[in-house]
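Listed below are the residues making up each chain.
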Amino acid sequence: MRRILTTTAAVTLVACSLSAAAAQEITVAAGNMSSYLDPGRDHSNVGSQFYFNIFDPLIHRDYAKVEPEWLPGLAVAWELVSPTTMELRLREGVRFHNGDVMTADDVVFSVNRMVQATFPPYQVRMRDRLSNIDRAEKVDELTVRIHVEREEPLWETLLNLQQLFIVPEAYVKSLAGDPDAIEDDDYEAMSLAPVGTGPYRVAEFVPGQRIVYERFDDFWGEPAPLERATVRHVPEVASRLTALRTGEADIATNIAPDQLALLEADPEIETVGSNTALFHVVIFNSNHEKLEDPRMRRALSLAIDRELLNETLWLGQAIVPSSHTMAEYGPLYMPELETFYHDPDEARQLLEEVGYDGFEVVYDMHSPSYYTNDTLAAQAIMEMWAAVGINGRIDASPEWTGNDPAMMARTWSNPMYFADPFGSFGVMWAPGGPSESEGRFTTDADYAADWEAFRFGKTVEDRREAYGQLMERIKADPPVLPLWRPYESWAMRQAVSWAPQPGHIPYVLDFRAGAIAIDGTN
Amino acid sequence: MAIHALEVLLRMALTFAVIVTLVFFATRLSGSPIDFIVGEGLTSEDREILIRYYALDRSWWEQYRAFLMGFVDGQFGMSFVERRPVSAIVADRLWPSLQLLLPAIGLTLAVALPLGILAAVYRTSWIGSAIMSVAFLGYAVPNFVLAVFMILVLAYTLDWLPVVGNGTALHFIMPTITLAAGLIAALTRFTRNAMLDVLGQDYMRTARAKGLAEHEVILGHGLRNASITILSVVGLQIAGLAAAGSVVVESIFAWPGIGDLLVRSAMRRDYPVLQFGVLTVALAVLVVNALVDLAYAWADPRLRQAEAA
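Protein sequences, first through last, are from chains L and A.
With my numbering applied, the first sequence covers 1 to 522.
With my numbering applied, the second sequence covers 1 to 309.
Okay, chain L solo, but in the shape it has when bound (with noise of 0.2 Å):
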């Protein structure tokens, strides 16, 4: 019975992987699913998972590697006709899902909807990375002039953008109101039925339920190697697993840490994992009475062991940052920095020369806590703490108390939104940016002067020089402390072999040519 039982298995078994290659399809158990699909105005992580199959921006990268190398996409060439102003040439007969054959108007539109943005959604985007764009124009009817106010050293990286990816004009204007005219509704429809020129189509989108892509035949590029590929909200972990195992679903993501165990028993699983290019971080509040004495904050930084909760919690698999850094960062990844580190004996000696009183040190944090080991490293720092003579507490509740006067200390991230230190530690920590204007971080001349060094320093030399300035800065007077680069897991059947790309941002399920594979397919 037994070895029927089990041959009936093994059958059950090759004919599903038979079928799943034959008919190249897939199903992913997500552990998060979105409410919209716009990809200008979404910077989140649940969104970071789909725009890449649908959509596609004017300069790609290989996204195989982490240092990037810029590839024709939409644009085929672009060169610099002034120090303000970029020339591209658009590909030619590239088609919208919908059929509609991409122009210069797609593209200017597509451009000038982010950087001269009267919808409210992407105005805050305009302003948080695309604020030196200025506006793209028309040329002919396959070029384009991008105009930035100041010499930009990061032209394909901001032409990579997710923000960036191109929409058709003419389908957009269609969908709400007047048929030639933007309006917001506009906006707000085509979130729901998004259409780009990617090598998957939206079939069927039902917000916080599933995603339906499936191979778009009149793709520019390498072909989409899935027929269709059904991304479905299960928000039990428990229940993604099992579905793996029924065969309901080939990839499951977000698996949680002590799930890792289990499933590398299980010889028809395997899991990938990478340290996603985000950090969970402390902040802490510069402006507060008790704490606007930089050593005080200096002491609460130091007193934290990150290597021991790195050991204790994630197994030693996350990644703890000497300084706002990350590979990511190309050519201004500076990992040599020592922004911070651990002294348990300098912060006792911090705390002796301000002359702390005792005074208690609340440290906020998100209930339901929805960073993964957030309440346990809260937890241990609180213990830390204690360790050099902090009064250390806990206040866990639902607000966002970052723009709160009170607030001492606090956990967050600091996603990196693109692959360029701008696009992490420049967005939340620009002179007038989130931070600074919601009163917790204040900059000054000199601080000011470093960021714009940096942001826009002719080579990398100068902007690497601004950068190490910067975190100087930081260092001497922290409204931050990185804790780590979380570690996430992904899940698969056997038969299929996919892996997030080291040169996207964190999340992109990537189901392009070469980025995953079927046994029997490529």
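In case anyone wonders, no lab produced these hints; they're calculated from the structure.
Listed next, the stretches of chain L that the computed footprint assigns to chain A, with coverage defined by at least 3 CB atoms under 8 Å from CB atoms of chain A:
{"id": "1", "stretch": "121-127"}
{"id": "2", "stretch": "246-252"}
{"id": "3", "stretch": "400-412"}
Label-pair restraints from in silico Cβ distances:
{"id": "4", "chain 1": "A", "residue 1": "V145", "chain 2": "L", "residue 2": "E353", "range": "53 to 63 Å"}
{"id": "5", "chain 1": "A", "residue 1": "L68", "chain 2": "L", "residue 2": "L80", "range": "54 to 64 Å"}
{"id": "6", "chain 1": "L", "residue 1": "S369", "chain 2": "A", "residue 2": "V153", "range": "26 to 36 Å"}
{"id": "7", "chain 1": "L", "residue 1": "A406", "chain 2": "A", "residue 2": "W60", "range": "23 to 33 Å"}
{"id": "8", "chain 1": "A", "residue 1": "F144", "chain 2": "L", "residue 2": "A406", "range": "31 to 41 Å"}
Keep in mind it's a predicted model, so treat the numbers as computed, not measured.
Using N, Cα and C, we set each Cβ at its ideal position, and we do this for glycine too.
Mind docking chain A on chain L? Use the hints.
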């Protein structure tokens, strides 16, 4: 009977009007949606712009008016999160919820009524004890434990049943059992007790004395008289399920139902969805209660006659 029905309907309408107003204010006491809708890591200027765009700066009075207008245009407002009409979102979820609820109720009735009657009739024999032991066990095991146990055995280990969603008939087995298990346990106990109450009554002896067969006595006279209690319990059970009682099951089996929708919109303070969802549930509870009221009158002639007099 007609007057009774009218009264029931009128009471229902009045209750609904009160609930509409209460729901509006109660959802807003849960906290501000701004952090969830607008997001973190924004400059205060951008934050203001988005607050205005999502109309989160309107006074409660304006919001209340807009909320009532939603009943007129039939869209019930726009979701803050999904940016589509609430009616469309709830419509997506309503049918899957019913798909889960109806078989669960059916299974409950089919299993619990016979078991409860048997347990009452054979109360002194091992049959009665066995049924009640199982019923207590079912009552004591939380549904998520049962669900995870079934998943481990039937899906993870044996690979007999699927776990994700509502695609095929096989998908219904585990969620239906999970949902029905607790109800069966409860209803079996109530049915047994209600039957015990009537089994000793004089009219039962009379029925037997008339020479009716034992099954006619038990079902025709016993069950009929016990049905008032049973109806109340079943009504409460359905109302409880409609009121997001299936949220755990929906979450575990990735079932796109209304319980999951309600909990998510409560967590994200998506008021338009939350208030309409709560209203849908309230309406379902009211309808169930009204039906139970009417069923009482059907089951108990004295109620009908009292209304008529």
